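**Student:** Spelled out, the chains give:
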Amino acid sequence: MAANKSARYGMVIDLDRCTGCGACMVACAIENNVPPANAKATERTGITWMRVHRLGNGRPFPDSRAVFFPILCQQCGHHTPCVAVCPQNAVEVDAATGIVDQMPQRCLGCRYCMAACPYHARYFNWWDPAWPAGMEKTLNPDVAPRMRGVVEKCNLCHGRLHRAESKAAAEGRRDIAANDYVPACVEACPAKAITFGDLADDQTEVAQLARSEGAFRLLEKLGTESKVYYRSERPWVHQAVKSGIGKEPQRG
Amino acid sequence: MGLGRRDLLKLVGGGAAGFFLTPVPWWLIDGVAIRTESWPGVPDPPRGEVRTRYTTCTLCPAACGVRARCVVDQPVSLAGVASHPASAGVLCPAGLCGHHLPLLPNRLRQALARKGDNFQPVGIDAVAGAVATALADMRQNGSAERVAVLDARPGRTASLMYRRWLRAAPNGTYLLAPSAEATAPMGIDIARTGTVLSFGAPVLDGWGTPGRVLEARKTFRLIQVETRQSRTALLADGWLPIRPGTEAALALGIANVLIEEKLYDAAAARNASDFAAYAALAAQFPPQRAAQLTGIPAQTIIAAAHDFVGHGPAIAIAASDPGGGPLGEDEQIAIAALNVLSGSIGREGGFLPRGEASRPAGFEEAALAPEQGIAEVPDASIRVLIIDDARAAGTWCWSAIERKLAATHIVVAMTEFLEGAAQHADFAVPAPAYLEAGEDAPAPPDVPAAMFSLAGALLKPPPEAVDGAAFLNQVAGGGPALADVLKQRVAAIHASRRGEVFHYADASRTAVRDVKSAADLWKALEEGGCWIDHQPTPHEKPLFAILGDAPDRVLEAASGRLPADAQFPLALVPYGWRGAAGGAISPIMTKLYQESDLRPGGDTIELHPDTARKYGVADGHVAIVQTRCGSCQRRVRVDESVMPGVIQAEVGPSASGNCRPEALLNACGVAGDGTWRLARASLRRA
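Top to bottom, those sequences are chains A and B.
Following this note's numbering, the residues of the first sequence are numbered contiguously, the last one being 256.
Following this note's numbering, the residues of the second sequence are numbered contiguously, the last one being 692.
No wet-lab data here; the hints were simulated from the structure.
Remember, it's a predicted structure, so these values are computed and weren't measured experimentally.
As a list, the in silico BS3-like pairs of lysine-lysine whose alpha-carbon atoms are at most 25 Å apart:
#1 B:K493 with B:K529
#2 B:K466 with A:K141
#3 A:K196 with B:K224
#4 B:K522 with B:K493
#5 A:K225 with A:K246
#6 B:K529 with B:K466
Full structure from sequences and hints, please.
**Tutor:** As structure tokens, then:
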């Protein structure tokens, strides 16, 4: 994988394999120093860069069926809505990786980006990031915690990308090795439901899976060219996605 | 040249406008932003040398390999060890945030003694003295009462030490936890299994060794028999939603089809001394009767039987629910008997006898107290009860244990947190937490090959913390330390020259016969490794009895565990998840319980819309669940996937943090066979 050859990092999530265990959510929070919930936090105000939803087929017992649907920043590659609305240029698409980056230092906390994001994948810090006393020493040294009043979201574990780039540089390589850059959620998934890699490289498994039968993207009609694909062989899942994911709680 | 008022205004205005053309405002914004990034409200991550260390997870019996990323000596993240022979690079959510546990604010850091409803600090010497005095009194009076150790994590070297200590104690009794997975007599060759017929076992959600099971998932068909549409039921190839408490009837119904249609393994059946009696019992459960009892159509039962043996090797499994407690022994017999019909016992792809790592001298079975279940012990017979790892006991129904205690008794809980059974103890003794205890991890319950790993300590325990073996030594006035016995055990493994060592750091393997000394083997295991024996070979099938001495009890169990009750018309089904059902968890798990609705949490009940309507409750209402044994108050969540007439209640952490599982478990009540997984209940809005 080449960080300097206009890569398009993305992932394919196999919904038929996801067990909804939540390992991805926990690993993401630990990797990116997302704090535990404030006592007052709810589904609306909590911060989960990766959030696993349960999507049902809408039929009653015993015909009810469901899949677990992990939703994270979809890394839009075209007319990225959050980039377009940010008055502070606090969001930008990295041309080298395709990753949509959020810069909390620039963020004013206006939350236009949250309103613009069609995937509800952005989160506002309603409280100071707080860990129980003494637990601050378990924070990841590669990622700065964000302050109250700014928006944050998945950046495909930018800290890990930087580590991989540093390692490549130290070893005199221009390209980073595929195994050196794996987001925390991908590494943690016990069912191996998430495949990650460079979508721009046709030889990668992720690129092939993204083109395979049963693969789809959320809200494809918006033309955001997102880089997170989903797969399922169950027809009702495709039908449910086409007709809207359902009652997504509003946040912020 | 004079300077007029107009010139002054021009200067100020021009200066102000020019200021915004300089980089200063941008520098100020940037500087302020950077300053606010590290203001006192935002914690600073630690700095220092980053290195990788390895250990083994001991939070559950799966014994997964752990790769810890540490800053100086503090783990900042945990991950699985790739290519691990059992865990295959996987850690569950609880394991991923296990490094938070030693730092939880409610950590027990000194021994406590009960005074009324509260606890007050006490020295560990005083606790050991109280136990020693009670033992001396029992010896002096020739008391028939017992001293018992209740081991929440059996199978460890510490467990062997407890059993040896108990052998010398007056009426020493070694008790297994009610749902101890680690004591399964046989492992499963799941990589070669063709079909798994699971009766409620959370096969894909924390059962056995999750990494190993999920890796094998693509090769076996899964039929899930469960009242609840669990995660496993959702991902199974077939889900049989069964009426609560009728699992044994379904097992016998399937057996009936297999025997009637001669689809069973006749050679395997010949090894069962009482096959004729078993066949006669199964004959009482034709598909139509099984359908009446279970609520599953007769045609579906027939199809499930065909499916079961159609893609062999086929195994039938039943497991305790991590929250709902153990299955009844008689139901387990009815389910396990299907393995005789499918011929999966002692066969590749089926059940294989579990091996065990060599033991040091002095720890032969004859020198140890036998393993016993709590139900086997007479009521009111235990004078001194020591509970090891009481934190893990958060999902035990305390009344099942309490009834075994003598009128005058002492309960000592070895625990990291004042939770679970520790809340009922007379003394709570601080124990080393996960990553602080230098101990071993026995072979995972589903792995047939013998395994042994060291869970090396990555952190120092608090000064007051003592492990169970050290506490017993203090009571007895001396004895070997756990670390010394562990070294003896590693030496015994080395002397056996069997198996190989898997090194976590580079996924390499070394045959034990190529390891120069026991010290080298110890070093390899301590730095991160596990010993694994050669795979066992299928063995000759011995003659055995399917029903044992319990054919009548199996028949009774198959007739249904929940008789109709007009006053309590609903079925209360408690359930849990191994990662979080009992005891303390990391606060980061709020991502699953509070900041999303991925797990319902321990303050909710789930109802079918029709059930909710019938009882006048709706989504978000608070309802009171009443049984003959007690009641609990929970928030209602209406879900179309719930069976009508059933109340599903999770045993686990809650978003509000103030709903403990004890009320629910006590409301379930303990049945005659020592189980509490079902109860009749009624419901009303609070």
